[in-house]
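Order-wise, the sequence lines are chains A and B. Residues in the first sequence are numbered from 2 upward in steps of one, following my numbering. Residues in the second sequence are numbered from 6 upward in steps of one, following my numbering.
If you are wondering where the hints come from, they were derived from the structure by calculation, not from laboratory data. Mixed in with the good hints, there may be bad ones.
BS3-like cross-link-like pairs, simulated, lysine-lysine; straight-line CA separation at most 30 Å [stated by the list, open to error]:
# : chain 1 : residue 1 : chain 2 : residue 2
1 : A       : Lys7      : A       : Lys216
2 : A       : Lys146    : B       : Lys28
3 : A       : Lys142    : B       : Lys28
4 : B       : Lys231    : A       : Lys148
Single-letter residue listing:
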Amino acid sequence: MTKVIKVENLSKAYQLGDFGTGTISRDLERYWARIRGKEDPFLKIGELNDRTKKGTSDIVWSLRDLDFEVERGDAVGIIGRNGAGKSTLLKILSRVTSPTAGTVKIKGRVASLLEVGTGFHPELTGRENIYLNGAILGMRKAEIKRKFDEIVDFAGVDRYIDTPVKRYSSGMYVRLAFAVAANLEAEILVVDEVLAVGDAEFQKKCLGKMGDVSKGEGKTVLFVSHNMGSVRQLCDKGILLTNGQITFTGNTEAAIKNYMNSSLDPKSGIVAIGTLTNTVKIKSVTVNGTPLDVAITPKDEINVCIKYQCLKYLPGFRISLTLFKDGVRVLTVQDLEESIAIEPGFYRSDIKLQSYFLRPGTYSVAVGGHNTNHTNFSLGNTEWFFVTEISSFEVLEEWSSVYDFNNLGIINLPNTGGKRTAIGSED
Amino acid sequence: MDKPEEEVWDIEISPRNNLLDLKLKDVWHYRDLLVLLVRRDFVAFYKQTVLGPLWFFLQPLATIVLFNFVFANIAKISTGSIPPPVFYLAGTIIWNYFSDCLTKTSTVFKDNSAMLGKVYFPRLIMPLSIVLSNLIRFSVQFILFLLLMIIYSIQGYPIHPNFYLLLFPVLIVLIAALGLGLGMMISAVTTKYRDLTFVVSFAVPLLMYTTTVIYPLSVAQAKYPKYSWLIKYNPITVVIETFRKGFLGEGSFNWALLGFAAVATIIIVIIGTIIFNRVEKNFVDTV
Chain A
2 MTKVIKVENL SKAYQLGDFG TGTISRDLER YWARIRGKED PFLKIGELND
52 RTKKGTSDIV WSLRDLDFEV ERGDAVGIIG RNGAGKSTLL KILSRVTSPT
102 AGTVKIKGRV ASLLEVGTGF HPELTGRENI YLNGAILGMR KAEIKRKFDE
152 IVDFAGVDRY IDTPVKRYSS GMYVRLAFAV AANLEAEILV VDEVLAVGDA
202 EFQKKCLGKM GDVSKGEGKT VLFVSHNMGS VRQLCDKGIL LTNGQITFTG
252 NTEAAIKNYM NSSLDPKSGI VAIGTLTNTV KIKSVTVNGT PLDVAITPKD
302 EINVCIKYQC LKYLPGFRIS LTLFKDGVRV LTVQDLEESI AIEPGFYRSD
352 IKLQSYFLRP GTYSVAVGGH NTNHTNFSLG NTEWFFVTEI SSFEVLEEWS
402 SVYDFNNLGI INLPNTGGKR TAIGSED
Chain B
6 MDKPEEEVWD IEISPRNNLL DLKLKDVWHY RDLLVLLVRR DFVAFYKQTV
56 LGPLWFFLQP LATIVLFNFV FANIAKISTG SIPPPVFYLA GTIIWNYFSD
106 CLTKTSTVFK DNSAMLGKVY FPRLIMPLSI VLSNLIRFSV QFILFLLLMI
156 IYSIQGYPIH PNFYLLLFPV LIVLIAALGL GLGMMISAVT TKYRDLTFVV
206 SFAVPLLMYT TTVIYPLSVA QAKYPKYSWL IKYNPITVVI ETFRKGFLGE
256 GSFNWALLGF AAVATIIIVI IGTIIFNRVE KNFVDTV
């Protein structure tokens, strides 16, 4: 195998806060240090990028000493929490910005898809924009001409091709933009979470196309996504970034498992949002006794056990459980029928679900809670917290006629109460 | 371990690049993009307008009508034996080309941050496309100038085109390079400190009066013998005067001045490019 990307000691520092004006003196200071051959005084004090902690310096390392190699034909998923440095890494790889230290060596052409439709001009027609966008992405005119039909076909906007794109629906716009990028002749494809747009059918098509690109055409794909389903489907290797450092490299499953574990690891902190963040602390969440990736057959029950600590008296509290599948919120249930008062202490809530309502696939578990003040109820008065991606499980494809109600989609519902009546005429 | 020939890399990304490495090979590869960007600017300019490219005519026409009214009739500034409208138009189209190149280039990072922040292509393409887009505009206005010139010659005014007009291509390159070079210098600063954008927006129109757009150099020399060298050595003045000399037969011209303007322009372009090259790498983080 040949290496196509080699990253050595890659670091990137960012300055926090407002640095538009009023920093001339600081800039001069830095410049003065540099021409004397000294180290930049503001970089020395840099610290790791952890957005949850308030730092003492306003320089953070968005990436710190990254070392990895990618081989030809690999599809690498880059995962990590928000602010872990995933997008910064992609930006450096696609040469939009440069690193503060370290080098990246690349063999072949890089096509980056940090955003779909970069440089689309609303006044120009679809045809003109295909040429423009293709050229921005580094294609020659002849190359675009050769691929033109394929692009239009893939996007499915044949009828509108000579209409200005400002008249397009947003879906059509995205389709066209992705179609251009997907047909690039580059050896390395760098993709940020661009698939979050577009309808499900098109998302599937995009993933399929990217899969073809990496597996069929032997191209290399670097893919950033929060959607573990897509990462699993597309990538054969995973890189886990935590606070700007690589904490795991290896196969996708292991990387995802690590990622999920790291969200559960109390040391890395369960990151909750909301007003109750410091009042109710989630200690652990397990599905059928395991924190992660439990395989569940359709006839199993899903038992979610949430252990938590309450630090102060709340008059009307209950825990909620939310399931996401590929980024779509599937359902939310509560542990109790009614919110009731809770005293400080340790608790566990058990929530039971019937798995046959869930279609096969991977579900990510989010846990939340809210405290409702009954005497003065309004949304503004409700205190809450929410933790996403705290656990996950997989519903297996082990369907029998008993559990498969022949419904496509996210949930299964048994057929109940439908009937057919002959009504004779049209009305 | 890898064999040595496998250690050949196409792209190396490192914190600092060679300041004089213009990546011209890359620019050449992206030449289609350059053409398409110019086309985009041109097409987008007149889409959904009734008059379309005619707007390119109307702006300089309105300018010379106004100049004629204010400077020739009210202020009575002599334009020598040349009819004032042709005289003004010659200065205006060159000045406009320069100032359009300058102002657009000076905010190139800010104006295109959405695009430049998401995809890599040689950044030099962007200012080059500005220069070429404005060249189209200039060409249209130049046709207007030729028409006006012919009309006045037929009416018997003393307009004498001569061999100096062969210098025309040189003049165009000079004026474009001046706008580009100065613009690139300013662009480096405007990405971080927006203040300079405001300075540019009021200083550039004022600068016009320090060149010979509305008066001949000879008038300035007669009026301010001590300070007229400021105007005389301004490379833009040199270009405008040479242009007038070639097409209209009147204007101050000498080879030494043109040589000086050329050297000054080359220096400005080199400095501008170095600055641009430096900023280009990291502007995304600060813009």
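Hint by hint, here is what the structure shows:
This hinted pair checks out: Lys7/A and Lys216/A have alpha carbons roughly 21 Å apart, not beyond 30 Å. Of the pairs offered as hints, the one joining Lys146/A and Lys28/B holds, with about 26 Å between alpha carbons and a cut-off of 30 Å not exceeded. Between Lys142/A and Lys28/B the CA atoms are separated by roughly 20 Å; this keeps the pair inside 30 Å, and the hint holds. For the proposed pair Lys231/B and Lys148/A, the alpha carbon gap of about 66 Å is over 30 Å, so the pair is violated.
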